[in-house]
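S.K.: Here's the letter readout for the chains.
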Amino acid sequence: MGVKPVTSLGRSGLSDWLIQRVSAVVILLYVVIMVGYLVTHPNLTYIDWAMLHQQFWVRLLTLATVLAIAAHAWIGIWAVLTDYVTVRLMGPVATPLRVVLQLAAIALILAYVVWAIDILWGV
Amino acid sequence: MVLLALAGLALWMLDVSLSSANGFASLQEVFSSFWFKLLLWVLLAALAYHLVAGIRHLVMDLGIGESLRGGVLGARLVLIFTGILVIATGVWLWG
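Residue numbers (the working numbering), protein chains in the order written: chain A, 101 to 223; chain B, 1015 to 1109.
Chain A with its partners taken away, still in its complex shape (with noise of 0.2 Å):
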């Protein structure tokens, strides 16, 4: 057994590889959506926009869009850290710097999700 990573997403290189790709195609399916949607409605109201969210599929779509994106974003923030905020560019500051961003990260993802289904499902 080889040292795993403890920060990334999967835990493994090939199931964040795959998580990436998958959540890449979610969230640009929503937002294909979403535009085509804005695109034909230019004078929307609040009517037809409280109650195209209140359809199940949409609150389905925008809340599998959110945990795409945290998904997503979590593994692109930990690909970003691990090749920038190394010890080799920066020397022995940069693990516990690179642990603090990644948590930082993982921390404001989170409360998106919260806030994402608070906003779909709050009263």
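You may find that some hints are simply not true.
[Claimed, not checked] Label pairs and their in silico Cβ distance ranges:
no.	chain 1	residue 1	chain 2	residue 2	range
1	B	G1109	A	P192	52 to 60 Å
2	A	H153	B	L1017	21 to 29 Å
3	A	T195	B	E1080	32 to 40 Å
4	A	D148	B	D1075	16 to 24 Å
5	A	Y184	B	S1033	34 to 42 Å
6	B	L1052	A	S112	35 to 43 Å
7	B	W1026	A	V132	38 to 46 Å
8	A	I147	B	S1081	48 to 56 Å
[Said to hold, decoys possible] These stretches of chain A come out as covered by chain B in the derived footprint (C-beta under 8 Å, 3 or more residues):
no.	region
9	148–157
10	194–203
These aren't lab readings, by the way, just hints derived from the structure by calculation. Every residue gets a Cβ at the ideal spot worked out from N, C-alpha and C, and that includes glycine.
Dock chain B against chain A, hints included.
M.R.: Only chain B this time, still in chain A's reference frame:
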């Protein structure tokens, strides 16, 4: 980091726009501001570049455009498509 900021801004806009009819109207007010449109345009430009470059990544995963010539062509196509999307986004915001 820019895209995480955009995600936060998008969540805020979704929150306000769905909170009430008043919230929706207040967001329309915010949207009429030049500086807000500029901020949104810059963030959407970053997203457009990321999406187009990401699609190129997926296409290359399928084994297309992996040669040196294909790589150069793909990189140029990414810049061209991103430019078109950024201009289209600007026309959408200010049109």
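S.K.: Please go over all the hints and tell whether each is borne out by the structure.
M.R.: Structure-based check of all given hints:
In this structure the supplied range 52 to 60 Å holds for G1109 of chain B paired with P192 of chain A, their Cβ-Cβ distance being about 53 Å. Taking 21 to 29 Å as the suggested C-beta distance range, the pair H153 of chain A and L1017 of chain B conforms, at roughly 22 Å. Between T195 of chain A and E1080 of chain B the beta carbons are some 35 Å apart, a value that agrees with the proposed interval 32 to 40 Å. About 38 Å separates the C-beta atoms of D148 of chain A and D1075 of chain B, a value inconsistent with the hinted range of 16 to 24 Å.
Separation of Y184 of chain A from S1033 of chain B is about 39 Å and conforms to the stated range, judged on CB atoms against 34 to 42 Å. About 42 Å separates the C-beta atoms of L1052 of chain B and S112 of chain A, a value consistent with the hinted range of 35 to 43 Å. For the pair W1026 of chain B and V132 of chain A, the beta carbons lie near 22 Å from each other, so the given range of 38 to 46 Å is not met. Remark: the range hint 48 to 56 Å for I147 of chain A to S1081 of chain B is upheld by a beta-carbon distance near 53 Å.
Counting residues of the region 148–157 of chain A whose C-beta lies closer than 8 Å to any C-beta of chain B gives 3; at least three are required, and the coverage claim holds. With 0 residues carrying a beta carbon less than 8 Å from a beta carbon of chain B, the region 194–203 of chain A misses the three-residue requirement, and the given coverage is violated.
The earlier numbered hints that this structure contradicts are 4, 7, 10.
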